[in-house]
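Spelled out from the first residue to the last, the chains are:
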Amino acid sequence: MAKMNMIQALNSAMDVMLDRDPGVVVLGEDVGYFGGVFRTTDGLQRKYGEHRVLDTPISELGIVASAIGMAVNGLRPVAEIQFADYIYPGYDQIVSELARLRYRSAGEFYAPVTIRTPCGGGIRGGQTHSQSPEAIFAHICGIKVVMPSNPYDAKGLLISAIEDDDPVIFLEPKRLYNGPFDGDPDKPAVPWSAHARGEVPEGHYTVPISKAEIVRAGRDATIIAYGTMVHVAEAAANALGLDAEIIDVRTIVPLDAETLCESVKRTGRCLIVHEATRFGGFGAEIAATVQEECFWQLEAPIGRVGGWDTPYPHAFEWEYFPGQKRVASALEALMSAS
Amino acid sequence: MPSRLRSRLHVPKPPARPGNKSDFSYLKLQPAGAQPKPDVRISAQATLPLATGLVRVLDDNHSAVGAWDPHLEPEVLQAGLRHMLLTRVFDERMQRTQRQGRISFYMRSYGEEAVSVAQAMALRPGDMLFPSYRNQGLYMVRGRPLVELMCQLLSNTRDMCKGRQLPVMYHWRQGNIFSISGNLTTQFPQAVGWAMAAAIKGEDHVASTWIGEGSSAEGDFHAGMVFAEVYQAPVLLNIVNNQWAISTFQGFAGGEKSTFAARGPGYGVPGIRVDGNDFLAVYAVTQWAADRARKGGGPTLIEHVTYRAAAHSTSDDPSRYRPKDEYLSWPLGDPVDRLKEHLIAQGAWTEERHAALTKELEDEVGASWKAATQYGTLNEGPRLDPDLMFEDVFKDMPAHLARQRDQLRAERG
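Chains as they are written, first to last, in this note's numbering: chain A, 34 to 371; chain B, 31 to 443.
Hint data in this document are derived by calculation from the structure and do not stem from the laboratory. For glycine and all other residues, C-beta sits at the position ideal for the given N, C-alpha and C. Among the hints, erroneous ones may be present.
Claimed, not checked - For the chain A half of the interface with chain B, some residues (derived, Cβ under 8 angstroms), not all of them:
no. : residue
1   : Y119
2   : R137
3   : Y353
4   : A363
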């Protein structure tokens with residue numbers, strides 16, 4: 034085991050897979066010589082060469098489409114889109130091509146492409162470096178969507194994604210790259226080395242896709258979250274002294290509805306927390322699923338907390354971000370309803 | 031084993047990385063005055079020599095030579111020098127304020143000042159500009175008060191973007207400068223649409239847009255070129271080839287085997303490659319392309335050969351991927367120095383006047399900064415009302431946003 038932050042864990046996942054599988058290639062803007070603007074691919078080109086770790090032209094369309102072509106020809110591309118906010122020029126290739134290739138060719142063609150992309154706010158990135166677009170990928174049929182909340186899961190899930198024969202959108206909450214973040218920007222930063230999930234095996238291991246994890250068992254309520262919000266939700270529950278069960282969804286598609294619903298059936302109360310805008314957010318899908326499965330066990334209306342339904346503003350980052358206060362007041366409403 | 035021909039994956043290599051000696055031998059240069067200046071009715075295909083050559087006016091002796099000399103009055107050149115110097119002084123000061131933690135982010139245009147300044151001066155005030163994030167010189171020429179730019183950088187109570195945008199992402203409707211996106215190349219086909227509208231409405235305004243050579247790899251570039259050609263839109267399509275797109279050099283955007291300007295004739299659009307650090311050449315080429323557009327000749331693709339002397343942004347460290355002193359070997363020199371030397375050679379400028387102007391502009395920038403910070407900074411002083419977050423998502427605020435606004439008010443106590 035080694036201490037790793039999320040960047041090092043992701044780097045290690047690609048390193049392990051480049052080493053194990055000669056078909057794995059890494060491509061994206063600035064990922065080669067420079068090692069990525071967040072240093073996630075640092076050292077990989079030096080180690081595996083320019084034909085395995087490729088700098089690309091600035092074209093997200095080109096990155097996604099060429100990854101599809103490479104995958105069809107037997108490679109296993111790991112593409113980086115520099116910020117999730119920049120993924121849209123590649124959206125048609127993802128929606129109409131990557132997601133449906135297996136279906137439309139009746140399984141003769143498929144493209145095992147992993148698309149890694151940093152998402153979320155909290156780094157003063159303004160409206161073009163802060164988005165959480167998981168819902169617009171969740172709505173596409175044929176693509177898996179993953180968002181880890183810690184280094185251990187990040188590495189294990191990324192290896193699973195690369196080994197998966199289906200395409201995977203791998204969203205990396207960039208505020209968590211260097212340490213867990215509980216939503217309070219004024220607190221001194223905590224490094225991953227001080228967190229249990231900063232302990233990461235150096236070699237190959239997997240964390241299964243489509244498995245949620247109960248981060249903390251509890252009896253009073255179920256908080257369903259993913260990415261940065263797992264840490265914020267935990268801090269909010271602690272501040273209230275609430276014995277809440279906290280579930281890290283980890284995989285958005287395919288959703289582990291069983292783990293989520295089993296918990297809500299026990300606690301009778303459910304709050305869903307994500308950073309993305311609330312309206313049409315993935316929380317709506319979770320809420321509908323929970324309602325269908327747990328209606329007779331629910332003791333209160335299902336709550337949802339998210340970012341406001343506005344673009345992510347530069348100056349009001351912390352007013353926008355669904356921090357502990359917003360989560361806590363939703364929890365109080367959840368607990369007082371009867 | 032007998033050797034045989036086989037396919038191979040070519041990976042473009044920059045001429046120098048950190049620790050190497052800078053090498054610009056890949057650049058195809060031509061002496062000043064070498065390119066003829068054709069009639070604006072020239073066909074796209076006939077511009078190929080212009081698109082692969084290099085239009086230059088200022089020679090090594092600081093004289094203006096050749097058919098492209100725009101024969102500008104010394105007062106115009108002095109104004110150009112002032113705008114370029116102001117851009118540079120402004121950039122330097124804003125970079126420092128970012129390092130002091132007063133603003134969150136900044137992007138300098140150091141070394142590329144002639145592109146924005148000469149072009150804005152050669153165009154008319156009614157022409158619409160669709161800039162990238164490295165065109166602050168446009169604002170200097172069109173005269174937006176520095177305080178207003180600084181308030182945007184500070185996201186303070188006088189921020190034109192009401193706190194919504196990253197620093198540098200200005201807009202100015204009154205000055206005919208379009209809102210800067212953080213996403214690349216999106217403005218390129220939009221400028222074509224604006225120009226199409228000008229033609230539909232029978233106006234003689236033109237549009238001008240700027241992207242980097244790296245950004246020209248985006249699909250938006252292709253769409254812009256096709257629409258511009260199909261409708262013969264009155265638009266200037268500028269590729270600012272500053273050699274570096276963060277860590278990838280221009281070979282990664284398609285600059286190894288061809289020039290960027292040469293893409294124009296392939297689309298049926300005239301192409302011109304110009305020395306982007308030569309104020310006079312940029313001015314002349316812009317004037318020519320704008321004249322062409324106003325006379326119904328349609329679009330022109332202009333490649334400005336320049337060098338990004340600064341980091342990509344304050345988040346970037348170029349010493350990781352290129353020689354630290356590469357700029358000193360740049361064969362096309364510095365745009366400010368070259369215009370200054372030309373004016374001195376003409377007897378229309380002196381070192382003393384230059385030093386005095388520099389001091390004057392530094393003082394102006396300093397005084398503007400003082401004024402701007404009174405309206406708040408990122409961390410101190412008055413703040414914008416967070417209610418503003420919910421405005422302008424739509425023209426009229428829908429009920430769900432009004433509810434969220436009220437919820438935030440309660441949250442803030």
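Status of the hints after comparison with the structure:
no.: 1; hint: Y119; result: 6 angstroms, holds
no.: 2; hint: R137; result: 22 angstroms, violated
no.: 3; hint: Y353; result: 6 angstroms, holds
no.: 4; hint: A363; result: 10 angstroms, violated
Hint check: violations occur at hints 2 and 4; the rest are consistent with the structure.
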